[in-house]
Amino acid sequence: MTNKIQYGFYFDATRCTGCKTCQVSCKDRKDLPVGINWRRVYEYAGGQWNQNGDGTVSQDVFAYYTSIGCNHCSEPACTKACPTGAMHKRREDGLVLIDAEICIGCGSCARACPYDAPQIDNDKGIMTKCDGCYERLAEGLLPTCVESCPQRALDFGVIDELRAKYPDAIEPNIAPLPSTEITHPNLIIKPNRNAKPTGDKSGQILNWAEV
Amino acid sequence: MKRVGPRGSGQFERISWDEALDTVAEQLKRITSQYGNEAIYALGGPGAMYSFSNRGCLNRLLNLSGGYLGDYGNFSFAQYIKACKYTYGAEIDYLFGSSVAEMANSDLVLMIGHNPSELGMSGSGQGYDFVRQKQKNNFKTIIIDPRYTESSLGKEDQWIPIHPGTDAALVEAIAYVLITENRVNQAFLNEYCVGYDENTMPDGVPYSESYKAYILDNPVAGDLTPGANAKTPAWAAPITGIPESTIWDLAHDLANAQAPFVQVAMSIGRHSAGENNVRTAFMLPILLGQLGLPGTNHGGIPMSASMNVFSMENHAEAGDDANAVKKRISFFKFIEAVENGKDLTVLKDGVILPDEELDENGDGKLGTDIKAIIAYATNRLINQNADVNYSRQVLADDSKCEFIVVIDNVMNASAEFADIILPDVTYVETEDLVNQGAVAGDTATLVQMSTSVGPMFESKPLYEMCVGIAKRLGIEAEFTKGKSHKQWLDEAYAATQAMNPGLPDKDVMLKQGIYRKYLPNGAYLSNKAFRADPVANPLPTPSGKIEIYSERLAYLAKHWELPEGDVISALPKYVAAWDGFEDEATRHDYPLQLGGYHTKGRVHSSYHNVPWLREAVQDAVWMNPIDADQRGLKTGDQVKVFNSRGTIEIPVKVTPRVMPGVAALGEGAWLKMENGIDKGGNINVLTSHRPTPLSKGNGQHSIRVEIQRA
Ligand code: SF4
Ligand code: SF4
Numbered sequence: 001m002t003n004k005i006q007y008g009f010y011f012d013a014t015r016c017t018g019c020k021t022c023q024v025s026c027k028d029r030k031d032l033p034v035g036i037n038w039r040r041v042y043e044y045a046g047g048q049w050n051q052n053g054d055g056t057v058s059q060d061v062f063a064y065y066t067s068i069g070c071n072h073c074s075e076p077a078c079t080k081a082c083p084t085g086a087m088h089k090r091r092e093d094g095l096v097l098i099d100a101e102i103c104i105g106c107g108s109c110a111r112a113c114p115y116d117a118p119q120i121d122n123d124k125g126i127m128t129k130c131d132g133c134y135e136r137l138a139e140g141l142l143p144t145c146v147e148s149c150p151q152r153a154l155d156f157g158v159i160d161e162l163r164a165k166y167p168d169a170i171e172p173n174i175a176p177l178p179s180t181e182i183t184h185p186n187l188i189i190k191p192n193r194n195a196k197p198t199g200d201k202s203g204q205i206l207n208w209a210e211v
Numbered sequence: 001m002k003r004v005g006p007r008g009s010g011q012f013e014r015i016s017w018d019e020a021l022d023t024v025a026e027q028l029k030r031i032t033s034q035y036g037n038e039a040i041y042a043l044g045g046p047g048a049m050y051s052f053s054n055r056g057c058l059n060r061l062l063n064l065s066g067g068y069l070g071d072y073g074n075f076s077f078a079q080y081i082k083a084c085k086y087t088y089g090a091e092i093d094y095l096f097g098s099s100v101a102e103m104a105n106s107d108l109v110l111m112i113g114h115n116p117s118e119l120g121m122s123g124s125g126q127g128y129d130f131v132r133q134k135q136k137n138n139f140k141t142i143i144i145d146p147r148y149t150e151s152s153l154g155k156e157d158q159w160i161p162i163h164p165g166t167d168a169a170l171v172e173a174i175a176y177v178l179i180t181e182n183r184v185n186q187a188f189l190n191e192y193c194v195g196y197d198e199n200t201m202p203d204g205v206p207y208s209e210s211y212k213a214y215i216l217d218n219p220v221a222g223d224l225t226p227g228a229n230a231k232t233p234a235w236a237a238p239i240t241g242i243p244e245s246t247i248w249d250l251a252h253d254l255a256n257a258q259a260p261f262v263q264v265a266m267s268i269g270r271h272s273a274g275e276n277n278v279r280t281a282f283m284l285p286i287l288l289g290q291l292g293l294p295g296t297n298h299g300g301i302p303m304s305a306s307m308n309v310f311s312m313e314n315h316a317e318a319g320d321d322a323n324a325v326k327k328r329i330s331f332f333k334f335i336e337a338v339e340n341g342k343d344l345t346v347l348k349d350g351v352i353l354p355d356e357e358l359d360e361n362g363d364g365k366l367g368t369d370i371k372a373i374i375a376y377a378t379n380r381l382i383n384q385n386a387d388v389n390y391s392r393q394v395l396a397d398d399s400k401c402e403f404i405v406v407i408d409n410v411m412n413a414s415a416e417f418a419d420i421i422l423p424d425v426t427y428v429e430t431e432d433l434v435n436q437g438a439v440a441g442d443t444a445t446l447v448q449m450s451t452s453v454g455p456m457f458e459s460k461p462l463y464e465m466c467v468g469i470a471k472r473l474g475i476e477a478e479f480t481k482g483k484s485h486k487q488w489l490d491e492a493y494a495a496t497q498a499m500n501p502g503l504p505d506k507d508v509m510l511k512q513g514i515y516r517k518y519l520p521n522g523a524y525l526s527n528k529a530f531r532a533d534p535v536a537n538p539l540p541t542p543s544g545k546i547e548i549y550s551e552r553l554a555y556l557a558k559h560w561e562l563p564e565g566d567v568i569s570a571l572p573k574y575v576a577a578w579d580g581f582e583d584e585a586t587r588h589d590y591p592l593q594l595g596g597y598h599t600k601g602r603v604h605s606s607y608h609n610v611p612w613l614r615e616a617v618q619d620a621v622w623m624n625p626i627d628a629d630q631r632g633l634k635t636g637d638q639v640k641v642f643n644s645r646g647t648i649e650i651p652v653k654v655t656p657r658v659m660p661g662v663a664a665l666g667e668g669a670w671l672k673m674e675n676g677i678d679k680g681g682n683i684n685v686l687t688s689h690r691p692t693p694l695s696k697g698n699g700q701h702s703i704r705v706e707i708q709r710a
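Listed in order, the protein sequences are those of chains A and B.
1 is the number of the first residue of the first sequence in my numbering; add one for each residue after it.
1 is the number of the first residue of the second sequence in my numbering; add one for each residue after it.
Mixed in with the good hints there might be a few duds.
[Unchecked claim] Computed footprint of chain B on chain A, listed as stretches where at least three residues anywhere in the stretch have a Cβ under 8 Å from a Cβ of chain B:
1) 14 to 24
2) 59 to 67
3) 93 to 99
4) 115 to 129
5) 164 to 173
If you're looking for bench data, these hints aren't it; they were derived computationally from the structure.
Cβ coordinates follow ideal geometry from the N, Cα and C atoms, glycine included.
With the hints as constraints, model all of the structure from the sequences given.
Structure follows, in C-alpha cells:
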C-alpha cells in the first residue's frame with residue numbers, strides 16, 4: 001500500500017531545552033488526563049565524575065532531550081499488532097489513527113510500539129495516541145506541539161518536504177530511540193552535539209517519572 | 001472568606017463582600033489610629049502583572065488613607081543592585097547590561113551562573129535569543145554553574161561546575177593570573193577606575209588597601225611577589241571545586257578574547273555574601289578593560305526590550321499619591337518587623353528613616369511593629385519567604401500582627417495565614433494590559449487581556465475591592481475621581497499608548513491581543529558613552545569612575561553594626577560566609593550544599609497547582625551519583641532533606657547533571673506541612689532569614705543540608 005502523501009515530524013535537538021510546552025499544549029488540546037502523554041520529552045544524559053583528591057572535580061557530563069509524539073511510521077508495529085484493525089494507517093496522508101469504535105483496549109499496539117506512543121486510557125478502556133492533529137491540519141493549521149514550542153524546535157509536514165527543508169536532519173538512530181529499522185518512523189532529527197547513537201550505553205533516560 | 005480557626009490553621013468560612021470589606025476597613029482604621037500608618041505593611045509580589053488593576057491601586061488607596069510602611073529591595077536582585085550602585089554608581093541603571101543581541105559581536109561569552117533557558121518558564125525570550133545568537137555566530141560559550149543547566153545541553157563549549165557561592169574565589173584567582181602575567185588593561189584601569197593600584201587610590205588611602213595588593217597579598221607597590229594569602233588558582237581550586245589548570249586556562253581564554261562578554265547572574269547575589277559575590281564578578285570586565293566596547297558587557301543582566309505601562313500609583317494626573325510615611329525597611333525584614341519592628345535600627349538593620357529622625361550618628365529606630373499586612377498576588381508571606389517555619393511561628397501569633405488580608409485567586413500557604421481572604425480574578429476573567437517581565441529578551445510583548453466570561457463566582461478585580469474599601473474609609477471620591485472602572489481602563493490604555501508610540505488603538509488590540517516591540521537597532525551595548533568619553537559622561541559614582549575601592553563602603557564598613565561573620569568591605573572580596581561551602585559551623589552536620597533553581601514546572605510558586613505541570617516536571621531533589629551511592633539512594637527513593645531549620649520529604653533524582661557535594665531543588669513548590677515535615681518540597685523550609693550584610697536582602701541560595709532515606 002502506498003500513501004498518497006506521508007506526513008512526519010522534524011525535531012531540532014540543538015534547540016530543545018526540555019521545557020515540555022509541546023507535551024502540555026498537546027494535553028491541553030484534547031484535555032488528556034495526567035498519565036497520558038501523546039507527546040513525551042525524554043531526558044538522556046550520562047558521563048562520569050572524577051573526584052581529583054585535591055577537592056576538585058572533573059567530568060565529561062552530557063545531556064540532551066528528545067521530544068517524541070507518534071512517528072506515523074511507514075512500517076508501523078502498532079497496526080500489525082492490533083487484533084481488530086482499530087489501529088490503522090490512513091491512505092491519504094499516512095497518519096496512524098485509532099478507531100475508538102472498534103478498539104478493545106487490549107494494549108497490543110502499546111506493547112509493540114518501540115516509541116511508547118500508544119497510551120491506554122484506563123477509564124475509557126481504549127487506546128489513545130497522537131493523531132497528528134488531523135483536525136487542525138484540515139483547517140490548514142500545524143499540530144499544537146509544533147506551534148507552541150517556544151524554541152521552534154519542532155516542525156510537521158510531508159516528510160519528503162521536511163527532508164528537503166532540513167538538510168542537516170538525519171534519520172533518528174539516536175539514543176534513547178530504537179533503530180529506525182523496526183518501524184521506519186517518519187521523523188527526522190537535527191542531532192544535538194551531545195547525541196549518542198541508538199544502543200548507546202554511556203547514558204540513560206533520567207526522567208522516567210515524567211514520560 | 002474569614003478565618004474561623006487559629007491563625008494559619010487554614011479554617012475559613014464564606015462571608016459576604018460587605019462583611020469582608022467592612023472588616024478590612026474597620027481594622028485599617030483601628031490599627032492606624034492605635035499604632036499609626038507605619039504599622040501597615042503592603043506586601044506585593046509578581047503574581048499578577050496587570051497594568052491597571054494591580055498593586056498600584058492598592059498603594060494609591062493606602063496613600064490616600066495616610067500612607068503605609070514602605071520597603072526597598074526585592075527577592076530577585078537586592079544584592080545585585082547594591083553591587084551596581086557601589087561599583088558603577090546607580091542601582092537599576094547598571095543592573096542591565098548589554099542585550100543578548102550584542103553577543104553577536106563577541107568571541108567569548110562567559111556566563112557566571114546565568115541560565116537564560118530556565119530564567120523564565122519555558123526559557124523566556126532571552127533563552128530563545130541566546131540559542132539563536134549562539135547558533136548563528138558560534139561564539140565560544142563557557143558556563144559556570146553547579147548544575148548542567150538547560151542553557152547547556154551542547155550549546156556550551158565548556159561547562160565548569162562550581163560550588164555554590166564561591167564564584168568570587170574563582171574570579172579572584174583569575175584576577176591573580178591577569179595581574180601576575182600583566183594581562184590587565186592598565187591604561188583602562190588608570191583612566192576609568194578607582195582603587196586598582198597605586199595610580200588610582202582615593203586621596204589618603206594607601207596602596208596596601210588597593211585591589212592589586214589584596215589579590216597579591218603584598219602591600220608593597222611595584223612588587224609582584226605574592227604573599228602567603230595571595231589569591232592564587234591553587235588557593236581557589238579546593239574552594240570552588242575547579243581544577244587549578246582549568247582556572248589558568250579560563251584566565252587565558254578571557255585575556256586572549258577580542259571581545260569577552262561577561263554575564264553575571266543575579267543568582268550569585270542571593271548568597272550570604274551576595275553583594276561581594278556580584279561586585280567581585282564585575283571585576284572581570286573591569287580588569288580586562290572589556291566594557292563599553294562592541295561585543296562586551298559590564299556584567300549586568302541582559303537588557304531586554306520593554307514597554308512602559310500605566311500604573312494608578314504613578315499616574316501623573318492623580319497628584320495626591322505620595323506616601324506620607326517616609327520610613328522604609330528592607331523587603332526581607334518584614335517578619336522581623338512583625339516580631340520586633342520597634343527595635344530595628346538604621347545601622348544594624350538597614351532601616352531608612354527621614355533625616356529629622358536620625359541621631360548624631362545617623363542612627364535611629366523604626367519605633368513601630370507591623371500590625372497589619374495586606375498581601376496582594378504574592379505567596380511570600382509564607383511560601384516564598386525564607387525560613388518558612390520562622391514566618392509561620394511569628395505570624396501564627398495574632399497578638400503580634402493583628403490583621404492579615406490576603407488578596408489572591410488561589411488558596412496557597414500564604415492565604416492560609418489570612419484573617420480575611422479577598423478573591424481576586426484570574427487573567428482570563430478581566431480586561432487589562434499585561435506587560436512582559438524583565439527577561440523578555442530582545443522582543444518586548446504587551447498582551448491585551450479581554451474576557452468573555454467576566455469575574456467567575458464571587459471574585460472581583462482588585463480595583464473594585466479598593467473602591468469598596470475606599471468607600472468605607474470615606475475616600476471613595478478621591479480614589480475614583482468620579483470615574484468608572486471602564487473609564488479608568490480606557491484612560492490607562494490611552495496613557496500607555498502615549499508612552500509607547502505605535503501601540504494600536506484599544507479596539508484593535510482587543511482583537512489582535514499581542515503587541516511586540518524590538519530593541520532599537522537590534523542591540524544594546526552597556527557603558528558605551530562612558531567608555532567613549534569618561535569625562536563628558538562620568539558614572540554616577542562620587543568619583544565619576546568605576547569604583548573598585550568604594551569610599552562609601554569603607555564608611556559603612558566602619559559604622560554599620562554587623563553580626564559575626566558578615567562583611568562589608570571597601571574592596572570586592574570573596575567572603576566565606578554563613579551556610580556557604582566553607583562554613584565551619586554547618587559543613588559537618590550538613591555536608592551537602594543545596595541549590596534552589598527556577599524550575600520549568602512553574603513560575604516561582606505560580607501554577608504549582610496545575611497537575612499537568614507537576615507531571616511534566618517532577619519535583620525531586622537532584623543528587624550526584626557519588627553522593628547518592630554514599631547514602632545508598634537511587635532515583636525515586638523518598639528522602640528527607642533537612643537542616644537545623646526544618647525538614648522536607650520528596651523523591652530523589654540521581655543525575656550526573658549536578659556536581660558532587662551539591663544537591664539541587666526547584667524552588668516554589670507549595671508547602672504541605674504534615675507533623676512538622678513539609679511533604680510539598682518547599683525549599684524555603686530550609687533557607688535562612690538571616691539577611692545579607694549590605695542590602696539586608698535574601699541569601700536564600702546559601703543552604704546546607706543532609707539527605708537521608710525517609
Ligand atoms: S510510533 Fe508507534 S504508535 Fe506511532 S506509528 Fe510508529 S509504531 Fe505505531
Ligand atoms: S516545546 Fe520545544 S523546546 Fe520545549 S520540550 Fe518541546 S520540543 Fe523541546
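Each hint tested on the structure:
1. 14 to 24: Check passed, 10 qualifying residues.
2. 59 to 67: Check passed, 6 qualifying residues.
3. 93 to 99: violated (count 0)
4. 115 to 129: violated (count 0)
5. 164 to 173: violated (count 0)
When the structure is compared with the earlier hints, violations turn up for hints 3, 4, 5 and for no others.
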